[in-house]
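Student: Each chain is listed here by its residues.
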Amino acid sequence: MPVRLDEIVARFGGDLAGDGSTPIEGVGTLEGAGPGQLSFLANPKYRHLLHTTRAVAVILAPDAAADCSCARIVTSQPYLYFARVAAWLRPQPRPSQGIHPSAIVESAIPADVSVGANVWIGPDVVIADGVVVEANCVIGAGCEIGAGSWLYPNVTVYYGCRIGERAIIHAGAVIGSDGFGFARESDGSWVKIPQTGRVVIGNDVEIGANTSIDRGALDDTVIEDGVKLDNQIQVAHNVHIGTHTAIAGCVGIAGSARIGRRCTIGGAAGIQGHLTIADDVNVSTDTLVAKSILRAGTYTGTVPFLEHGEWLRNFARLRHLDAMADKIRALETRLAELEKKS
Amino acid sequence: MPVRLDEIVARFGGDLAGDGSTPIEGVGTLEGAGPGQLSFLANPKYRHLLHTTRAVAVILAPDAAADCSCARIVTSQPYLYFARVAAWLRPQPRPSQGIHPSAIVESAIPADVSVGANVWIGPDVVIADGVVVEANCVIGAGCEIGAGSWLYPNVTVYYGCRIGERAIIHAGAVIGSDGFGFARESDGSWVKIPQTGRVVIGNDVEIGANTSIDRGALDDTVIEDGVKLDNQIQVAHNVHIGTHTAIAGCVGIAGSARIGRRCTIGGAAGIQGHLTIADDVNVSTDTLVAKSILRAGTYTGTVPFLEHGEWLRNFARLRHLDAMADKIRALETRLAELEKKS
Amino acid sequence: MPVRLDEIVARFGGDLAGDGSTPIEGVGTLEGAGPGQLSFLANPKYRHLLHTTRAVAVILAPDAAADCSCARIVTSQPYLYFARVAAWLRPQPRPSQGIHPSAIVESAIPADVSVGANVWIGPDVVIADGVVVEANCVIGAGCEIGAGSWLYPNVTVYYGCRIGERAIIHAGAVIGSDGFGFARESDGSWVKIPQTGRVVIGNDVEIGANTSIDRGALDDTVIEDGVKLDNQIQVAHNVHIGTHTAIAGCVGIAGSARIGRRCTIGGAAGIQGHLTIADDVNVSTDTLVAKSILRAGTYTGTVPFLEHGEWLRNFARLRHLDAMADKIRALETRLAELEKKS
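Chains as they are written, first to last, in this note's numbering: chain A, 1 to 342; chain B, 1 to 342; chain C, 1 to 342.
Take these hints with a grain of salt, some might be off.
Copies of the same chain look alike in the list, so a pair counts if it works inside one copy or between any two.
List of simulated lysine-lysine pairs, DSS-like, C-alpha gap at most 25 Å [unchecked claim]:
id: 1; residue 1: LYS192; residue 2: LYS45
id: 2; residue 1: LYS327; residue 2: LYS341
id: 3; residue 1: LYS45; residue 2: LYS291
Rather than coming from a laboratory, the hints here were simulated on the basis of the structure.
Looking at chain A on its own, in the form it has when it is part of the complex (with noise of 0.2 Å):
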């Protein structure tokens, strides 16, 4: 059922401009949106798809305002915006509640939980008031699980391991998997050290798809409180996230490195361990982070792409830097010596 633009100005604030009696049947993008759909307007570069896109109305800020006929709403945060009426006009619709016949819970439960086909809960777990939990599932013994938290199929949870509330965890994450830890025998061979630590989780947390994080060898591994990581995540081991922290995927966290609050990690770097990240850092994306960073700021480390023949002229120079380097030096001397002399 539709809602008036006006009713969402009520709710979520701004200037209205245009028709407010619009009805709004849903969100889209400028380009994709059709008829009684509400867009945005975030990045500058899409400005020119005002002109043109069919959406009824568009939430965009002050200084686009003009560059569009339709109805709008004028906020100086476009995209924040937009994601507050989108959650609001499209609530994820929750699996009924209850527990399915196939699944098999040996805890007792809240009434309002939904518990998925062929899911297995082991003993001593708690789960709080309205957590979804989806089919195939399994949650270890001990495990504590958070009210409003939702786990998509699939997930693995072992053991003692703790999930605060309103966490989303996404298809084939796995929870609380052992630390890598060994030490070695003079003969190369390895003896396992027991992973006795939990991982410990906050609440807000999503946790993307095939995403996996390690227990603590002996502390626990630890994720505050609104933290949002994406697919293919590795985290190891008594790792340290701080709130708000943001990570993208295919990104890999080694042992006992501590990240700050409200940080962005772009997708594919990688944190070496034992270090510290201070809060407000961003690291670029494909960076491998080799030492600490202990100041807030944005720090990248990656190379440039080139057409392959071109690599292959400049970049085999690489192993030869220390040599040029060298010969930088001798030309500097060798010259400061005619200088002299003339």
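Since chain A is already given, all that's left is putting chains B and C on it; use the hints.
Tutor: Showing chains B and C alone in chain A's frame:
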């Protein structure tokens, strides 16, 4: 039951040399083949193995045919020929048809579909003829899966996604998880953008083990016909991958990237978001594509590895490349000055 | 129930200093240990913690023994000693024996095997004594699993694979998926090469969460005894990994690579296909091995990260390294000319 070599030639073409009545029981590498096996030579590097192979017949190109004393099939494309013969000689055995009693299937499906143990198939799912869904897969409400597709165990397909005909999806793959989309509050916390698009996958697509493909934010994530994705790949929301593009393992593709047709992307490469890659582009292993590639060709951005001490000496210079360039310029100026005087 | 410190020394050796009757209830880090806990000092960087630890006893090397006022076990290899004691003090609790009623087991298995909820074990599977198969695992037809192996939840083993004794396989791991093998048609489409080899895994191998190991194309993919693989690793078809090699998270190994014995491969490193790595090679984190390594040693190919502005200034030069080398050569020639004249 063996086939005769001349039956193979009758079916797949090529020129037969040697005894056409040779019985062929299977295929093998030049090194590993035993009696009764047919082998192939595709890479000239292995040509010397023709002298020692125990294969009873070999598929090879005209220029290598003279090196082989056993029976042979001569063709301009030995690897392609081998692929066809191998698939014909060894069709994958299909699990028995019907629904395993432990599976929970909430939609009507054709009689010739095979559904394994502990599978959950939600409501409003459309599954075409001959599909195989192996044990512990989860297929969400409203999905469509085309004829002849095969899902290996523990695959998760989120609600509303669409998979074409003859797909092969390996264990642990996740299709349709939420894209990583958040707007930021002024305090650094994140507001989730509902991810309401789908994943739409064409015909003849293969998806590797533990690969994840996120659903679109508003519009769909699209994988066109014939695309081959290896293991451990991350495909973010609203990515578009063109027909017959093949992507090796551990690649990460960020949101809204648009990859052309017939591209090849090497292992562990990264594709940044909101960029375009033209048709027929080859991206080398481990290369980060940080801007659009508008022309067909091969592009590379990898760094050579060195013995550790040599690496230390050379790569420390990367921090001073700009200073080195300045020194060269200063030398040029001073030298020109001297040359004028002399 | 606690053990006495002198019981530990009687069992594992080392020199006891202090009160041998000290009761030990568990192990902990120097920082995290509480009363009743035994700790260890392996990394000299943490030596100052000896003064503040609340551990009742510490395992340490002779040179650090004097810094510790509590009871201590002095040994030349404190980390290895700790590994052995920790495993002895805290054996992993085994799930109860027998087959969960919800599991589907189509092969005969020993009475002391533990099979969890919703597991599927296919026909012709050989499982040895004491194996643990946790909830929602899938083991395909014809597999063999050696005595004492432990599969955590949601592991998939494809048909025909072989796993040795005492393996530990973490959740979400996939063993035996098809290798990524295709021959290309002239129109750019791909013909699948049937992957008919197996994965053969030796004894005492550990495989991390969400790691995938492809079956061989024709011959097998082989993981020798004692190999340790961390999380999120990709092992392609026909790879061979030698005894006691340890590989950190997010590594990708391309097809037919052959890695020697007792190697260590750092996180997110890449190994290209069809190459050889000798025994006792250490590959650094994030290093791409693009050609064979024939001698033991440490090899590195990573790039330093910089503050973003500094990175821009320096790394843009990578595109012009060849030109820089040319300029140096030109300067040398001109300078030699001048020197001759002067």
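Student: Give a verdict on every hint.
Tutor: Evaluated hints:
1. Taking the shortest Cα distances, LYS192 and LYS45 sit within 25 Å of each other only across copies (23 Å), while inside one copy they are farther apart (53 Å).
2. Taking the closest pair of Cα atoms, LYS327 and LYS341 come within 25 Å of each other both inside a single copy (21 Å) and across two copies (21 Å).
3. In the homo-oligomer, the alpha carbons of LYS45 and LYS291 lie at most 25 Å apart only across protomers (15 Å), although the nearest pairing inside one protomer, at 36 Å, exceeds that limit.
Of the numbered hints stated above, none is contradicted by the structure.
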